Structure formats: C-alpha cells, structure tokens
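Undergrad: Starting from the structure of chain A, add chain B where the hints point.
2 protein chains.
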Amino acid sequence: MKEVTLSAPTELKNIAPAQQKASLQPLMNIVKSDLDDTNQIILDRMHSDVELIPTLARHLIAAGGKRLRPVLTLGAAKLCGYEGDRAKKLAACVEFIHTATLLHDDVVDESNLRRGNQTANALWGNQASVLVGDFLFSRSFQLMVEDGSLEVLRILSGASAVIAEGEVLQLMNVGDITLTEESYFKVIAAKTAALFTAACEVGAVVADRSKKEIEALGDYGTNLGIAFQLIDDALDYSSEQQSLGKAIGDDFREGKVTLPVLLAIRKATPEETKFWARVIEDNQKDGDLEHALELIEKHGTIEDTFASARKYGALAKEALNTFEDSDVKSALIDAVDFAIERAY
Amino acid sequence: MKEVTLSAPTELKNIAPAQQKASLQPLMNIVKSDLDDTNQIILDRMHSDVELIPTLARHLIAAGGKRLRPVLTLGAAKLCGYEGDRAKKLAACVEFIHTATLLHDDVVDESNLRRGNQTANALWGNQASVLVGDFLFSRSFQLMVEDGSLEVLRILSGASAVIAEGEVLQLMNVGDITLTEESYFKVIAAKTAALFTAACEVGAVVADRSKKEIEALGDYGTNLGIAFQLIDDALDYSSEQQSLGKAIGDDFREGKVTLPVLLAIRKATPEETKFWARVIEDNQKDGDLEHALELIEKHGTIEDTFASARKYGALAKEALNTFEDSDVKSALIDAVDFAIERAY
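So the protein sequences, as listed, match chains A and B.
In terms of the numbering used here, the first sequence opens at residue -14 and continues consecutively.
In terms of the numbering used here, the second sequence opens at residue -14 and continues consecutively.
There could be a bad hint or two in this list.
The list makes no distinction among identical chains, and a pair is therefore deemed to hold if it is satisfied within one copy or across any two copies.
[What the hints assert, rightly or not] Result set (EDC-like, lysine to aspartate or glutamate): computed pairs, CA atoms no more than 16 Å apart in a straight line:
#, residue 1, residue 2
1, Lys171, Glu36
2, Lys283, Asp34
3, Lys171, Asp34
4, Lys74, Asp21
5, Lys197, Glu266
6, Lys17, Asp132
7, Lys171, Asp273
To be clear, the hints were calculated from the coordinates, so they are not data collected in a lab.
Just so you know, these numbers come straight off a predicted model, no measurement behind them.
Pulled out of the complex, with its shape left as it was, chain A reads as follows (with noise of 0.2 Å):
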C-alpha cells in the first residue's frame, strides 16, 4: 500500500483548479482495518497446490496498487453503517476480478510493463497468465457463494460480463480513427466503471440498504470509474509523466483512439487528419508519438480530457447527496478529486 500519493505532483495542480490537495487518505484511514482484514483474505485465498498459481497472483497482487476498488466496497460498506465482516470478504472478490482482468488485459495489450514492474505473461507466459486469471475469476465467485447472496452474486456477474463485453468492444475500436465520443465513452464505461459501480453497490447491499441508496452509491461508482478512466487516458500522454521518468504512449502504439487523440482528430487540419489515419490505421515510425503529442498540446485535448473527468467527477460527489453528511462521506468525495489529481 505503499503507492497512496498525498497530492498531486505541482505540474498537474496547473491542469487541476484551484483547490485543497486531494487525497485518498481520510477513506484509507477510514477503511484501514477492514483492508488489513481484505488483504489477509486475498492472500489466503489465492492459495491453490498448483504453486504457479500463487506465484503469478502474488506477483500482481502484491504488487500493490491502491486496492481502489476493494477500497470503494470497505467505503461504501461503511457509508451505509455496516458493521459487519461480510464486506471484507467480498472487498476480496472485487480485488480477485479486478486482478483477473488485468492478467487477461496483459495478454490482450500484449504488454510487457505495468506499472513500471514486468507484467505477469512477460514473466510467465500469456498461458499462464490466462488460466491464472481464469482461477481468480472462479475463487472470486467461490468466495461469493460461501457470502451467499444472491443480490451480490447478480451483481458481480453482470459486472464481469460488461467488462468483457467493454474489452471485445475496445478491441474492436482499434485503428479506428472515425470513433465517435459515444463509442468511446461506452467502452470506458464498460471496461472500467462497471466494477468501480458494482464495487460500491456491494457495500449497501451487504448493509441491507434500499433500492435507491443502492443506487445513488452504483452511480458515485459508475461517475468515479468514468473520470478514473479518462485520467488514465490522458496521463497516457502526459509531458508531465514523461518528465517524471514514466512511460507513456501505450495507447498511441496500440493503436487506441482514447478521448485526447479523438478530440485532437475532430479538431484536426487536413493534413493533421492524414497524420492521425497513418499512425493510428496504419503503421507508425520514429517521431510519430512526439508529433502526436505536439498536436495533443496544440488542440489543448489533454485539457477536454481533464475537463471531462472533472465533470464526471462533480457527478460523483453529486450521488453520494442521498447521504447525510460524515466523515465517511467526506472521505469518498475527498477520493474523487483524488483520483482526478493524481499522477499515477
């Protein structure tokens, strides 16, 4: 858990608007027992005879990362008073599909770094890495049904169903370079929001909440996940990141129209539009991603982008109104300017 930034590196409070330094650490505070708890769990759980197993999963998943989404379940858990160790264990089950994902994102991108580290199927194979994430997958659910609610089990399914349907779409989308923003915010809306949403719905249903408190904590998740992914998309072409010595580009090599370069390609000159059909359509040669990060700047897209994470951002805080005012709630509002600010 050592990766929970305090604020925003100042390059980026440029971009952001005047505010207090965002950060994820009042809900971390808030959750943390609970998390200790959740992350005893994913490790117990992940074990299996078969060690290949445990290895590649510790690989991921001990990794770190900010545990965002188990996070949000212990959060919303909370938000809604619950008391209870139920939230802990299914906290893991969202943690298990998240991490499924990735390990299959990996072969699909076939990438060969995450977050600096070398990804799983770079280690151990694409093999390896789609049957270890085929047994998260299965454990998650496993976990889910000794839990025993249906409620639950409904919504995680449906989830992981609209994330695989999000990445077929993504994968279709490639090369595109008439994607529409509709598209586009479809595919984010699927790949990414949908277990942010789930996650969060996870943690009223677990405290016998109502349909609409349910709801409005699916809609604070649905809006986070929405803005998280745009900021992933836009650092992907950050002069900033690459100032602090991280990759970027991903996206640009594989070909992904993300919304920096779809706006950059409506507000395209002819000759820029030409441009973007080679790089992105076609083949890409030395200099292609300094070009393209020189019309990004141009068009000032990076910008849209963050204005649109913004946006969802205040639609977030906006959901979480159905609920009285506590720290708790603090803390998840606190979380989404978090993920708007941060650098990672």
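TA: Same frame as chain A, now just chain B:
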C-alpha cells in the same frame, strides 16, 4: 448435432473388448426435446450488442460437437425423475463454461485447428478468444444466478476453479519426461473430469435428490470424464485415426506427456529414453512423431491406455448402482461405452 456416431469404426473394435456396438443415441433420444430447448437458450443467451461476441461464440458453439456435458446434466436430471425446466438452463451454463475453457485452451495451446476447423484464435486472434471466453464464463454465472440455487453456483464455481488449476498444472508439466502416472491423472481429473462431475451433480441437485444420489451421479461423471480424456489422449497417437485422415500428434508436438507416452517412457530402453528426453524436453525434427508411434506400438501403450479407460468406465457404470434400473440408466451406461469406443 450431426456428429453422433452410431458405432465405433472397425479398427477400434479390435482394441475394445467384443461387445455390442456402443452408442450415445439412446441418451440423445431421451434428452432430445430438452436439448433442443437448451440449444435455444445457448443461442439466445450468447447474444451481446457487441457483435464479435455472438459471431465468435457461434463459430465454436454452433460448430456442433456432441454437447456431451449438457446432455449429461439433462440425462442425470431425467434419471432423478426431474420434469421441470431448470435443468435446460443449467445445461446451457455447463456448455458455456466448457466453451469458455475451449476458447482459452486454444490460446494456451496456440492451436490453429479444432476438429478440423480453424480455431477462433486463428480466425479472430488470441485477444478476442480470451475476452469472449471471459464473457461466456460470466454469462454462465448470470444464468446460474437467475436460476437461484446457491448449491448449483457452489458446484460450478468450484469446478471452474479446479479446471483452471488442472490446466495450470498441465502447463507446468509440459516437457517433463519424469512425470508420474499420479500427476497425469491429477491433471485429467481436474482439467476434464471436474466438469463432467459437476454436470452430473447439477442434474441431481435440481431434482432435489439426497446427498448420496448427488455423489453417485458425481462419481459417474468423474469416472466417465477420466475415461473420456484417456481415450482422447490415446486417439492423438492412433494410427487408425491417421488412416481416417485425422490429425494426430498434437500432444506430442506440444511436449505434453500423456499416458501412451508416459507408459512408453517407463518401458523404454536406454536408447529410447534418450529419444524421449530429446523430443519431449528439447526439440523435435522430421520423423520423430513416426518413431514415437513405433515405440508406442512396440510397447502396446495405446492398448494399456484403452484398458485404463475401460477400468474407469466400469467404475462409472458401477456408480449408477445406487439407482433403480430404467431406460435412462441404460442410456447413461451406453454413453460410457460410447465414450470409450468413439473414434473422435
């Protein structure tokens, strides 16, 4: 459903003990009407607005195959006197899980052909195969949730985890000429028999039968599944298959040590051991498969593998002793002989 072979070809009958022609037809006749409904559920529920999903799923599902696993669910339910609709939907769940594992297997094995047809990954790429497999797997759990039985969810989520474990174990065993019979059987029990077990148990669960009867049908499925895989592994080295124009030697080329090879290694002369070490652990050249077939024939290990399959087949039949004699029971017994005498 065109592939149902009414009898084993002449060549194989020389290996199988003298007996009446075995056939899957009696079981197919008994479940025909239910299976038609299951096929309709499969077609309806593999739908997605993301077109590539039904296109790719249809390629694999509509390509036929015997639908052996859903047929077992329907047959087991019939044996237990079940007359309702639930078994049809759950049989579709079983087939979706099977299809998802096939899609992921073909990525894992880097196969380009399955039953003489191009595999989905050869046609649409590994990425699509991984993701559509994930979709079908999720859809299967959605259907189980609709059915509403936590016991069914427990059985099929457990089977899915075991299948993934078996596949990983198999991957770890590739190229290992010291593989033990125990390890080999552990792999096939997990990767193949677990879903046969679950498919049969589910049929008894919907009929609300006793634990003893659920277990008896589970034992039937387990032993049938092991016999089925043993025959699969034998046929991959069968000169009769080759003379019928079917591809053989897939396992050999992948360095998978299956029973015919494992037993040939055990009986090998020092010189033969050197051959196996080179071709399984290291590299293969032209003529190696032919030499492997000679050694397998010399040591009679195809016959040994068939004998082992017949032993498991006998255990499968014995497991049905719990049930009174009936047409369904006879048909399930015939299905065991069919699995052993089949030529594909």
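Undergrad: Now look at each hint and say whether the structure bears it out.
TA: Do the hints match the structure? See the list:
no.	hint	in the structure
1	Lys171 - Glu36	between (38 Å within a copy, 14 Å between copies)
2	Lys283 - Asp34	neither (55 Å within a copy, 37 Å between copies)
3	Lys171 - Asp34	between (40 Å within a copy, 12 Å between copies)
4	Lys74 - Asp21	within (11 Å within a copy, 40 Å between copies)
5	Lys197 - Glu266	neither (45 Å within a copy, 61 Å between copies)
6	Lys17 - Asp132	neither (22 Å within a copy, 37 Å between copies)
7	Lys171 - Asp273	neither (28 Å within a copy, 52 Å between copies)
In this structure, the earlier hints numbered 2, 5, 6, 7 are contradicted, and the remaining ones agree with it.
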